[in-house]
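Those protein sequence lines, which keep their order, are chains A and B. Position 34 of the first sequence, counted from 1, bears residue number 34 in the working numbering, the numbering being contiguous throughout. Plus 172 on top of the position in the second sequence (first one is 1) and you've got the working numbering.
Quick caveat, the hints were computed from the structure, so don't treat them as lab data. Since this is a predicted model, take the numbers as computed values, not measurements. Worth double-checking, as some hints may not be accurate.
[What the hints assert, rightly or not] Partial chain B-side listing against chain A, Cβ under 7 angstroms, derived: (1) P362; (2) R499; (3) G532; (4) T544.
[Unchecked claim] No more than 25 angstroms apart at the CA atoms, straight line, and that leaves these computed lysine-lysine pairs for PhoX-like: (5) B/K682 <-> A/K110; (6) A/K92 <-> B/K601; (7) B/K682 <-> B/K601.
[What the hints assert, rightly or not] Taking CB as the label site, the calculated pair distances span: (8) A/F151 <-> B/L751: 36 to 44 angstroms; (9) A/I172 <-> B/P628: 37 to 45 angstroms; (10) A/E123 <-> B/F665: 57 to 65 angstroms.
Note that the Cβ used here is the ideal one computed from N, Cα and C, for glycine as well.
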Amino acid sequence: MLDCTFFTRKEILRLHGRYHELAPHLVPMDYTNDPDVKVPLALIVNMPELKENPFRNRIVESFSEDGKGNLSFNDFVDMFSVLSEMAPRELKAIYAFKIYDFNVDNYICKEDLEKTLNRLTKEELTPEEVILVCEKAIEEADLDGDNKLSFADFENMISRAPDFLSTFHIRI
Amino acid sequence: MEIDAEYDSGSDVDSKRRAKGKNKPKPAARGKKAKADSVEESEEEEEEAPRKRKGRKKKEESEEESEEEQKGRRKKAAGSKKRAVKKDDSEEESEEEKGNKRKGGKKGASRKEKEEENNKEKKGNGKAAGKGGKDKQDDKDKKKNKGKNSSGSSSDDNSEDESMSEGEMARLKEEVEEKKKLIVTLRNKPWRMKRRLKCLKEAQAFVEKFEGALGKGKGRRLYAFKVMMTKVLMGMPYGSIARKTVPRDEQDSAMDFSVLFEFGVICYCLIWIKLLTFLQGYCKYSIMFYGYYNNQRSIGLLQFRLPLSYLLVGVGIFGYSLMVVIRTMARNANEGGDGAEEGAFTFSWKLFTSWDYLIGNPETADNKFASTTTSFKESIVDEQENLKDENIHLRRFLRVIANILILCCLGGSGYLIYYVVKRSQEFAKKDRNELTWLQKNEVEIVMSLLGLVCPPLFEVISELEEYHPRIALKWQLARIFALFLGNLYTFLFALFDEVNAKLDNEKEIKNETIWALKEYYDNYTLHHNVTENIPPPNISPADVIRGPCWETEVGIEFVKLTVSDIQVTYLTILIGDFLRAVIVRFLNYCWCWDLEAGFPSYGEFDISGNVLGLIFNQGMIWMGAFYAPGLVGINVLRLLSSMYYQCWAVMSCNVPHERVFKASRSNNFYMGLLLLVLFLSLMPVIYSIMTLPPSFDCGPFSGKDQMYDVIMETIEKDLPPFMADIFSYASNPGLIMPAVLLMVLAIYYLNAVSKAYQNSNMDLKRKMQMQRDEEKNRRNNKDSTNQVMKDLEDLLPNKSLIPPPSAEETEKPADQLSKSPKVTGKPGAAATGKGVNVKKDVSLAAANPRAPVTRPPGPRPPGPLPGIARGPLPGQGMGRGRGGPPPRR
């Protein structure tokens, strides 16, 4: 596990503590024989680290193996590993793409953008403004002109963003 | 991308293997399989695991064989069984090399072949019969197949065996290395944890298994070391990002955490006032100031040369600061540069990176939502503003007026300071006791007040200008900068006047002293009739007539300035933020309007202003440190306390800016200001060091004509004579001039090179843009790619040479009609009346309309998409592809 994540042994143990806290009745304290336990999305998004995040559901969903938001401990550690400071930009970009890809079609299309924007602004923009912003965003970042952002487009765009590394990061 | 590289390397290995296998008469089925795998691999990584497992299994077998082989060989050769499994890495290496050499000699014999030979031979002599049964069986089956393929080549004996096993060994090692690499890079793979774990376990098991056979302990240690190194290396970036490191100015303050400041803020004020007066008294002769140090050439056993080190440190600080600032700037430029032109991805960046995932506090989250919304609205307004610029005359007029007002302010503040400094010189001539505290510290108070009052005034004035907030911020910063700098320089000029007056004064005192001394000696000789060995006059040091020591005076001025600056800052925070917050918070219950939302509200934390304050503080340190070394200490204390104090103030009584406009994406804006301040504060200091004579009776340079005479002295007396020669040659103008010339040439050359790079950069960017446009056009409109190309085609004299694009011809007129009226400078301005309909980047299709517009673009019929539509639709046609305003809904 140590080699799979960006955490130290201690941090993983602490994460396990947190994981256990989420659902004390579900999660056993010792993981020696690797029980198959999953904590549902509803519990995880209530963590203080995620609680305020407008994309919390998407984050959890994109890290869960079944795509429904049920996280095993492995997924849980994986999530915070990717979101840790140590993870490289490329890895973060991949998962950011997954998170913003609401309909899981491997493209960020206009609907995804609209959803993103509405969550970012708590739907305070008028529909025209939303559409305008989405169009502009696609126009800016879409390199191959298919009116949706593929991962290549996204990576190209995000790799130049000055704030990406500092914002796409959760400290736990 | 990492992963790609990984795959590449994987398939590399495969291809290598394949290449090696080529020499065989018929490539084994496995080779083919590997090839197929390598193709599939890039799409479905799942495939990899089984393949590897298979490969491993195979290797396992062959490995066992080879061990067996070795044993047998050794038995034959020497009978020494000891080193059956244990071999040093070095030995292995050499053996491997040997194997390679042999391979080279044999040329045709590849590893694969060897392996097969190996197998075949095994089968032949049946030596392996004692091994694990089932595996062996499989093995034999395989061997049979392969053995048939390469039947003719073996039949050699021991030497052949050896090379085989070693070749095998090398391959295995390669494999192990690969696995190790996989383990190290595993965490960078975007796989599910389960898979990663599985993969990791496999890899680890593999490595463990074969490392015992191959590299033994050493390899293992090496591996551990490697992993550790990667960890260290990965750890490095943490904290090296500009944002995460403490700004240079705060570095001193960031280290400490033990300062508590909230108590006795009032006490503190009193203390500072005391301290100010105290400065005039005792401190003047303390270690804090220039005058404390004496001119003894060397001190103590180690011959510490105080004057020399004083000068060198004073100048060295500048050199060091210059280096640090420039290095930081260069690093920032490298990091931020990257050709990512600002504004290329405004909206997408805002969409995808504006949420800070660290936010875990509901209030912060609300603020963030609000600020994100405003920032989006801001950008939308920006986009719209690109289109309209009405009433430009009024705005210009207002801007001119604003600038005039601000110039008046600057001039006024400059004059005020000059006047006050002059007045303080008048005061200085009077008796100290007559003066009130106010009169003594007038200069500092006025300067601090100016610094307090002017920035808000500027802000009010800049409301007139109606700049975009980001530009307005830059203007504001520039103005504050000018104000501070102007004040500082006026102050300095006034100070220099004073210094000159002091120097005259000093001459008198010097003459007086000399005269007094002479008189004393005369008297002494007169009374005692001795002409030699006269004891020095017996006056206690406190009573000696002293010169004014202008250096200390300058130092005192700077310290006073700093102290009063600290005072004003702290009081401002206390009154302007804390008191205001208290009033707003508690009077809100019994007030006629909503204080929190309405007029006074809470103070906002002014980031840029504070950064600017830090920069100026640093400038003051640079300027004053030569004359008051203790200033550095005071500033360290100040920064320490102010960090915690301001932190408390921000947390408790400030609200965040509704919208934060960074002055610039990189920190280079502020670093540039810092550099400028450094340069400007360097000048007066260097000037005073170079031209003003030091006071004759105080400071490390007393008695010298110039400060830099210390260096000359050191060169003459302490260094060997040839060094003096070297220095004298080096300081020869004949040598300096060429050096300067060389430097100028170098600068010119580097400048030219950088320009060339810039050009090529632009070129590449343009190419990328073009490619992108082309791609878009191809998708949107299949027959006509680029407007420019088409124009060129039109210009060709003989169109028949080109295969006539019939559809295009027919489309042409319609096309020209539908073009957007972009003859006016602002694209799409007239065509789209709607405010939201913004088109900044209309150059998507690089359209350059040549025909006047005769009709507005028609509405788009709900027909086929433009990408598919080839049919000539009059009035619509290829409007989209050519960058006209896309007809909307």
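Quick rundown of the hints versus the structure:
no. : hint                                  : in the structure
1   : P362                                  : holds, 4 angstroms
2   : R499                                  : violated, 20 angstroms
3   : G532                                  : holds, 5 angstroms
4   : T544                                  : holds, 5 angstroms
5   : B/K682 <-> A/K110                     : violated, 85 angstroms
6   : A/K92 <-> B/K601                      : violated, 69 angstroms
7   : B/K682 <-> B/K601                     : holds, 19 angstroms
8   : A/F151 <-> B/L751: 36 to 44 angstroms : violated, 54 angstroms
9   : A/I172 <-> B/P628: 37 to 45 angstroms : holds, 42 angstroms
10  : A/E123 <-> B/F665: 57 to 65 angstroms : holds, 59 angstroms
Against the hints set out earlier in the document, violations occur for numbers 2, 5, 6, 8.
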